[in-house]
Amino acid sequence: MNKETVIRILIRTYPTDWRLEYGDELTQVLTLRPLTLSIAGDVAINGIWQRVRYAEAWQLCGAGMALWLIVGTALNSISPLPQWAYNHFFQLDPLMCLAIGYVYVSHHAKGVFAAALAAGKASLVGILPEVLLAILWATNLVHPTILSMSGTPSTIGHGITDLCFRKDGIMSPAEMLAEMLLLVPFNVLIAFLIGLIGAAIAKSISASHWLLRRVR
Amino acid sequence: MARKLTAGRFSDPELLILSSIAEGQKHGYAIMTDISTFAGVQLGPGTLYSAISRLVEMGWIEPCEERGRQRPYRLTPQGLRHLQDQLQQMRYLANLGLRRLREA
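So the sequence lines, in the order shown, correspond to chains A and B. Okay, so the first sequence: first residue is 1 according to this note's numbering, each after it adds one. Okay, so the second sequence: first residue is 1001 according to this note's numbering, each after it adds one.
A couple of the hints might just be wrong.
As the list claims (entries may be wrong) - According to the in silico footprint, chain B covers these stretches of chain A (three or more CB under 8 Å from chain B): (1) 27-34; (2) 46-60; (3) 112-124.
As the list claims (entries may be wrong) - Among chain A residues calculated to face chain B with C-beta under 7 Å, some are: (4) D42; (5) V43; (6) L128.
These aren't lab readings, by the way, just hints derived from the structure by calculation. Nothing here was measured: the structure is a model prediction, and the numbers come from that model. The beta-carbon is built from N, C-alpha and C at its ideal position, and this holds for glycine as well.
Required output: the full structure, derived from the provided sequences and hints.
Shown next as structure tokens:
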């Protein structure tokens, strides 16, 4: 891989708007200097940081939900999560969707529909690791002992060792893909509705403040 | 040549960039080499341009007319005021610290 290709890849770590403004200049500076590992790291880290700065709230929340799912799945694959952790694990997603709906209306001055849509999009991003895992599972690229988080210890199993000897928890690839086809739109729809509730709460609070001001 | 500064607020990329272009408009590469000369700080290109974009957003520097692919930047009046405030605070802190060191 030559220097120009590496520079092009590094510049791609920045968001499009930022690249349009500063991409040419940064490319020029990188061309003038020897491209060491520390310079490449500096450019890549700042690129990711700029992406975070330029990202919309739903993108950050979606990434957070995805990360939560990845960490939870990884932990559960290493050692079993206790029952209370299973029970509460997926409660983060609805809370996040509620918060997105609320914040989009109260802080970003968006409409109720836009807020609900943002919650739906965040949920879609958040569920991507599970979809990816299901695809890898269905295509036999990962061993089925990697746990799915959509269950409880009684239906899914406790960690790798228990799951290896379980018979009822492992789905066929076709069953898994069919479940995903239903799960993804269902999740997005639920997130949309929860986002709608969050937005409605924000609207009600703002309306009650307005009423209180009028009364005074 | 000025004394080399290596740590703390003195090495904030934003402050170093503002100090560099205080003497006149400069493009990114010139800012980087100037900072390396007067402060002994090697700013990475990613750090440099992230700081430049923040300074432009804050209205403390602004781009001038492009020269080829390089675009020079200059201080705005707000940027100049901010730099003066920061440097005066530093001078106050430095004087205070030096006085206390002498008295100790």
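Verification of the supplied hints:
Taking a C-beta to C-beta cut-off of 8 Å, the stretch 27-34 of chain A contributes 6 residues in contact with chain B, enough for the three needed, and the coverage statement holds. Check result for the stretch 46-60 of chain A against chain B: holds, 4 residues qualifying (beta carbon to beta carbon below 8 Å, three or more required). With 0 residues carrying a beta carbon less than 8 Å from a beta carbon of chain B, the stretch 112-124 of chain A misses the three-residue requirement, and the given coverage is violated. Restraint check, D42(A) versus chain B: the minimum CB separation of about 3 Å is within 7 Å; hint holds.
Look at V43(A): its Cβ gets to within about 4 Å of chain B, closer than 7 Å, so that hint holds up. With a cut of 7 Å, the hint placing L128(A) at the interface with chain B is violated, because the nearest CB-to-CB distance is about 27 Å.
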